[in-house]
Amino acid sequence: MTWNIAKKEIVSNLLSYKFFIVILLMVILVFTSFFIMHRDFKERLSDYHLIKPGPEDPIAVNPPNPLSIFVKGLDEAMARSYEISRIGIDVKAGKQSGNIIFSYFSAPDFMYLTRVILSLVALLFGFDQISREREKGTLKLMLSNPVSRAKVLIGKWIGNFLCLAVPFIFVTLIGFAFMNLDPGVSFESFGLVRFGLILLVSLIYISLFLSLGMLISAFSKRTAASIVILLFIWAIVVFIIPNLGTLVARQIVDVPSVRALSEKRDQIWTREVLLGIQDRNWSDHYNRISQENNMLEEDYRNKFNRLIRFSKNINRISPVASYIYAVSDIAGTGIGEEGSLKREVIRYKNQIFPDVIEQKENFPNFSYRYRSLSQVFTRGTLFDTAWLLFFNILFFALSYLGMVRYDVR
Amino acid sequence: MEKPILKAHDLSKRYEDGVLALDHLNLDVRPGEVFCLLGANGAGKTTTINLFLNFIPPTTGTCFINGIDVTKDPLEAKKYVAFVSENVMLYGNFTARQNLDFFAKLGGRENLDKEDYHQVMRRVSLQEKAFEQRVKNFSKGMRQKLGISIAIIKDAPAILLDEPTSGLDPKAASEFLEILGELKQEGKAILMSTHDIFRAKDIADRVGIMKEGRLVLERTREELQYEDLVKIYIDYMRAEPLAL
Amino acid sequence: MVSSIIKKEILNNVFSLRFSVTFILLLIVIPVMFFILGDDYVRRVDEYSLRQSELENYLKNYAHFNRIGGVLYPSQPPIPMHALVRGLSAEVNMEEFHNDPLPIMFPLIDLTLIITVFLGLAALLFSYDSVAGEKEDGTLKLILSNRISRSKVILGKVVGGVITLLIPFIASLLLGMLFILAHPRISWSGEDWGALGLIVFGAVLYISLFYCLGLFISSRHHTSSSSIMTALFVWVLFVLVIPNLSPYAASLVVKTPSNIKIAREVDRLTDTERDQLGIRLSNERRQEMIKKYSFLAEALTEEERDRRIAEDPEYKQAYTELRQEIQQAWDEANQIQSKKVEDLRRDLELKESAQTRLSRSLSMISPLSNLVYLVTDLSSTGMKNREYFDRLRTAWYSSFGEYRERKIDEMRRQNPAVDTWNTPVDMSDRPAFLYREEPLADRFKNTLVYFMILVVFNLVFFTAAFLSFVRYDVR
Numbered sequence: 001m002t003w004n005i006a007k008k009e010i011v012s013n014l015l016s017y018k019f020f021i022v023i024l025l026m027v028i029l030v031f032t033s034f035f036i037m038h039r040d041f042k043e044r045l046s047d048y049h050l051i052k053p054g055p056e057d058p059i060a061v062n063p064p065n066p067l068s069i070f071v072k073g074l075d076e077a078m079a080r081s082y083e084i085s086r087i088g089i090d091v092k093a094g095k096q097s098g099n100i101i102f103s104y105f106s107a108p109d110f111m112y113l114t115r116v117i118l119s120l121v122a123l124l125f126g127f128d129q130i131s132r133e134r135e136k137g138t139l140k141l142m143l144s145n146p147v148s149r150a151k152v153l154i155g156k157w158i159g160n161f162l163c164l165a166v167p168f169i170f171v172t173l174i175g176f177a178f179m180n181l182d183p184g185v186s187f188e189s190f191g192l193v194r195f196g197l198i199l200l201v202s203l204i205y206i207s208l209f210l211s212l213g214m215l216i217s218a219f220s221k222r223t224a225a226s227i228v229i230l231l232f233i234w235a236i237v238v239f240i241i242p243n244l245g246t247l248v249a250r251q252i253v254d255v256p257s258v259r260a261l262s263e264k265r266d267q268i269w270t271r272e273v274l275l276g277i278q279d280r281n282w283s284d285h286y287n288r289i290s291q292e293n294n295m296l297e298e299d300y301r302n303k304f305n306r307l308i309r310f311s312k313n314i315n316r317i318s319p320v321a322s323y324i325y326a327v328s329d330i331a332g333t334g335i336g337e338e339g340s341l342k343r344e345v346i347r348y349k350n351q352i353f354p355d356v357i358e359q360k361e362n363f364p365n366f367s368y369r370y371r372s373l374s375q376v377f378t379r380g381t382l383f384d385t386a387w388l389l390f391f392n393i394l395f396f397a398l399s400y401l402g403m404v405r406y407d408v409r
Numbered sequence: 001m002e003k004p005i006l007k008a009h010d011l012s013k014r015y016e017d018g019v020l021a022l023d024h025l026n027l028d029v030r031p032g033e034v035f036c037l038l039g040a041n042g043a044g045k046t047t048t049i050n051l052f053l054n055f056i057p058p059t060t061g062t063c064f065i066n067g068i069d070v071t072k073d074p075l076e077a078k079k080y081v082a083f084v085s086e087n088v089m090l091y092g093n094f095t096a097r098q099n100l101d102f103f104a105k106l107g108g109r110e111n112l113d114k115e116d117y118h119q120v121m122r123r124v125s126l127q128e129k130a131f132e133q134r135v136k137n138f139s140k141g142m143r144q145k146l147g148i149s150i151a152i153i154k155d156a157p158a159i160l161l162d163e164p165t166s167g168l169d170p171k172a173a174s175e176f177l178e179i180l181g182e183l184k185q186e187g188k189a190i191l192m193s194t195h196d197i198f199r200a201k202d203i204a205d206r207v208g209i210m211k212e213g214r215l216v217l218e219r220t221r222e223e224l225q226y227e228d229l230v231k232i233y234i235d236y237m238r239a240e241p242l243a244l
Numbered sequence: 001m002v003s004s005i006i007k008k009e010i011l012n013n014v015f016s017l018r019f020s021v022t023f024i025l026l027l028i029v030i031p032v033m034f035f036i037l038g039d040d041y042v043r044r045v046d047e048y049s050l051r052q053s054e055l056e057n058y059l060k061n062y063a064h065f066n067r068i069g070g071v072l073y074p075s076q077p078p079i080p081m082h083a084l085v086r087g088l089s090a091e092v093n094m095e096e097f098h099n100d101p102l103p104i105m106f107p108l109i110d111l112t113l114i115i116t117v118f119l120g121l122a123a124l125l126f127s128y129d130s131v132a133g134e135k136e137d138g139t140l141k142l143i144l145s146n147r148i149s150r151s152k153v154i155l156g157k158v159v160g161g162v163i164t165l166l167i168p169f170i171a172s173l174l175l176g177m178l179f180i181l182a183h184p185r186i187s188w189s190g191e192d193w194g195a196l197g198l199i200v201f202g203a204v205l206y207i208s209l210f211y212c213l214g215l216f217i218s219s220r221h222h223t224s225s226s227s228i229m230t231a232l233f234v235w236v237l238f239v240l241v242i243p244n245l246s247p248y249a250a251s252l253v254v255k256t257p258s259n260i261k262i263a264r265e266v267d268r269l270t271d272t273e274r275d276q277l278g279i280r281l282s283n284e285r286r287q288e289m290i291k292k293y294s295f296l297a298e299a300l301t302e303e304e305r306d307r308r309i310a311e312d313p314e315y316k317q318a319y320t321e322l323r324q325e326i327q328q329a330w331d332e333a334n335q336i337q338s339k340k341v342e343d344l345r346r347d348l349e350l351k352e353s354a355q356t357r358l359s360r361s362l363s364m365i366s367p368l369s370n371l372v373y374l375v376t377d378l379s380s381t382g383m384k385n386r387e388y389f390d391r392l393r394t395a396w397y398s399s400f401g402e403y404r405e406r407k408i409d410e411m412r413r414q415n416p417a418v419d420t421w422n423t424p425v426d427m428s429d430r431p432a433f434l435y436r437e438e439p440l441a442d443r444f445k446n447t448l449v450y451f452m453i454l455v456v457f458n459l460v461f462f463t464a465a466f467l468s469f470v471r472y473d474v475r
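For the protein sequence lines, the chains are A, B and C, in the order given. For the record, in the first sequence the residue sitting at position 194 is 194 according to this note's numbering, with numbers rising by one throughout. For the record, in the second sequence the residue sitting at position 104 is 104 according to this note's numbering, with numbers rising by one throughout. For the record, in the third sequence the residue sitting at position 242 is 242 according to this note's numbering, with numbers rising by one throughout.
Honestly, the hints are just simulated from the structure, not real lab data. Watch out, some of these pointers could steer you wrong.
[What the hints assert, rightly or not] For the chain C half of the interface with chain A, some residues (derived, Cβ under 7 Å), not all of them:
1) Val117
2) Leu174
3) Ser226
[Stated by the list, open to error] Think about it this way: if two alpha-carbon atoms lie no more than 30 Å apart in a straight line, the pair counts; the simulated BS3-like pairs of lysine-lysine are:
4) B:Lys72 to B:Lys129
5) A:Lys136 to B:Lys3
6) A:Lys221 to C:Lys255
Here the structure is a predicted model, which is why all the values come from computation and not from measurement. No residue lacks a Cβ here, since even glycine has one placed at the ideal position from N, Cα and C.
Could you put the whole structure together from the sequences, leaning on the hints where they help?
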């Protein structure tokens, strides 16, 4: 019985204008995004080959991550070159393009598409499920048969979810396969498994919005009313709340700005060099620079980590933030991974710094190992995924409540 | 006499805003019987049907379909009743047959084939070429025919109809009522709400006039041979509102 | 006649659920945004003063000309309009180890976002069923069965709809503005209010353009449910897709060499290649000198040479000449390489600005980009401000350069043996870097093109809606 209803939903969707628009949008966007981000990755990869350090240079560089094609995140920052000098860590190759227009708009990666556009699409699939059938009179007709309201709801949900998920998976996998053809981009098992997980989490995210849409439909009598509410909820949940948390957190956790930090470091360095010229006791001064910098940095890091944690907790009110955290952490381009890379670079610096001061020649290689999936999951991704699932269940349960009380007349 | 398939016992419904839509309604419909409910808008006709289908819960009283209490076991009860709504758009992107197929399966008729559907649609005089056409282009009359074919294919012992001929041209309306007559001969218990007193006179075995939630008058076909239904109806409509 | 249509549109909308929802939403979101951004602005002002006082402390004891460039440089202070618009002002600082990841992962919300996303969406939500929905309800036929032309009807719809939308927008803006006026630490100048006024005007153009678009779409559909689908599809393209794709599309057409590659090349040119060139040129000159003074070819130790210089005046003169020639050779090498570097950098700059211009133009296909550039440039948070700041900075650097020359001369006069580069100096009389926002008139001139494009969008969409409606099948 439920399957009959699901089948009816699927066929009905396939014949509808709405579905046509959605598929068109999906195909255009996914393929364009993959194409563009793939090129972007290739360019960054060729830049990496330019700045790759020699085997014994005191330079730490991490190559660009192929998964950044899907979740660009902080990969550009993570692919910078960190040269250990007597002053400390010297960052090179920070800015890839002088085209400022890039800074105005978010990168159109897979995460952006799913987070912003597919969430809207899923909402649009769900929002008129109940109210439209009521308006057409077919809801009454269905319920005059021996089929429970729960079955109707579940059947509708399954049918609509399949209509969304199957084309989505299909288009994504085709795009992914095309990309694999490029020998310059190798995903290996690391990339394949993680891409699969990203796809899975994205599906959970999409289904959450489908359920939200159906929830709204189960509580509104007229489709026209529900679409307004739906669109504003979408705009708030996708654009405002995830970013609001960061702003609020900054008010509460006092973190010095990066400018303040670098100004202090410059002041320390020039002061010590001036004093060094006067008394020629260079190693003393370099050590003092290093000491004070380390203190500054540790203080900054502590405060910054508090800020990150705080903002994370507030942002997560919106499941959209959880999606961002989960997907970027799995891809290895998120805040957590960047923090881990920086810790490794600092560790590397501390390891070779004494030799750098003494101006030795041969330094050990730096190579960064991404956090394993189990680490990623225990550090928060499991929570984020569970949170997304929770919202799925919550919205579905609420829709059931709405459906049960729904006035079908 | 056979037991009634449709039975309303002491049925009352007061809405949240205080309006008393039904006031201790008692009626029953037996197999092979057509019962027409007449009354002005808001008299309680549609509420009665909604209560039978468990779309809303009664304030007091019970509806029985085939002896089953509709609020206690709605899914079981709904096996025995088919419904034809007043103005049904159906699934516009589906063809007539696809609509029929879907609702047949919902109604429990699983293993029907195309020919079965075609037969039913022919029976209701739906044009052949419309069978595989999308419903969104159908006229009202065509949709009503499809609606009744949905009810026919379910093959349930009772049929509920809510203003089925409203908005139909005279030819379509009389075709529709012919079909109802056939169904009555087959032994279906039919409860129909309508404005159309003229046709009601022709088709009904029994007629009930509702006013402000009460069944104020009931007449059988024989009784109506001697009384002018139209006159009675209009008199009741003109009379003072009933006491609370 | 038109006025009764306008009145009907306004009343019909104002009593609808979507109006209440929009009103409440904007009434909450905009003032809250003012509040949070305003507080953040104050926090940043305080931090900026702190940084300035730390700098003063440093300068009291350790200011020396050799390395002052790393410590004393122009930086952009927070401006009062940051209480409303952030634009590009978020400091990501990719040149620092401690770059800030948050603005990349979670961009700031400001007035620009509210207008582009919420108001644009609201405009579509109010207009998508303005024609198709009235057809479904049967009221359109009723209206047109009277003595009123279709053009009056569509005009009335536009005016009524835009007025309706402006009510919640202006109301919530006023509430937010009250907050700024009442805030003890945020003071806006007349130019700031002027900029806000111009921004609001831009927002009005944006809202009405989307309203006309919605009307156009509505008059191409016969059901409101298909109308909303098309409207959202178009909205997604305009707001979420075209702007984001434009810089990437431009980079496909106008390729620029990567910054890193150029930096590499510059390093090579000023280091290894310069050294090679310098050595070659100075050897050539040495050979010439040796032809002139054959005794210079002798290989002497440093001691022997010093002795010879002290004893033999002829040798001394020849040697001095040699030194000069070698110095000139190295200067020449430096010059040649510098020119190469300059050419390389200029080429990069040309290509980059060409790509930037193309990206900007492509993005302007979407009305959203025009509004974003308009708002950010008027509030001094966009690319124009960067250019303006660069000009201010260059001017300061040259005046500081002059100051340095003067100070160094003074030091030398007082003590000829002093190390002018590495001695701490009192720099309290240095030229101050004062950042004032570009005058509003100039900012407005910069944004004139965006205003015009928004007006053009309005005309195009209105005309489209008009023509469509005139031929609309109301049956």
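So, going through the hints one by one against the coordinates:
A distance limit of 7 Å between C-beta atoms decides the matter here; for C:Val117 the minimum to chain A is near 6 Å, and the interface restraint holds. The interface hint given for C:Leu174 is broken, as the beta carbon of that residue sits about 21 Å from the closest beta carbon of chain A, more than 7 Å. Look at C:Ser226: its Cβ gets to within about 5 Å of chain A, closer than 7 Å, so that hint holds up. Simply put, B:Lys72 and B:Lys129 have alpha-carbon atoms about 43 Å apart, too far for the 30 Å limit, and the pair is violated.
Restraint check for A:Lys136 and B:Lys3: not satisfied, since their Cα atoms lie roughly 35 Å apart, outside the 30 Å limit. Our distance criterion of 30 Å between C-alpha atoms is broken by A:Lys221 and C:Lys255, whose separation comes to about 54 Å.
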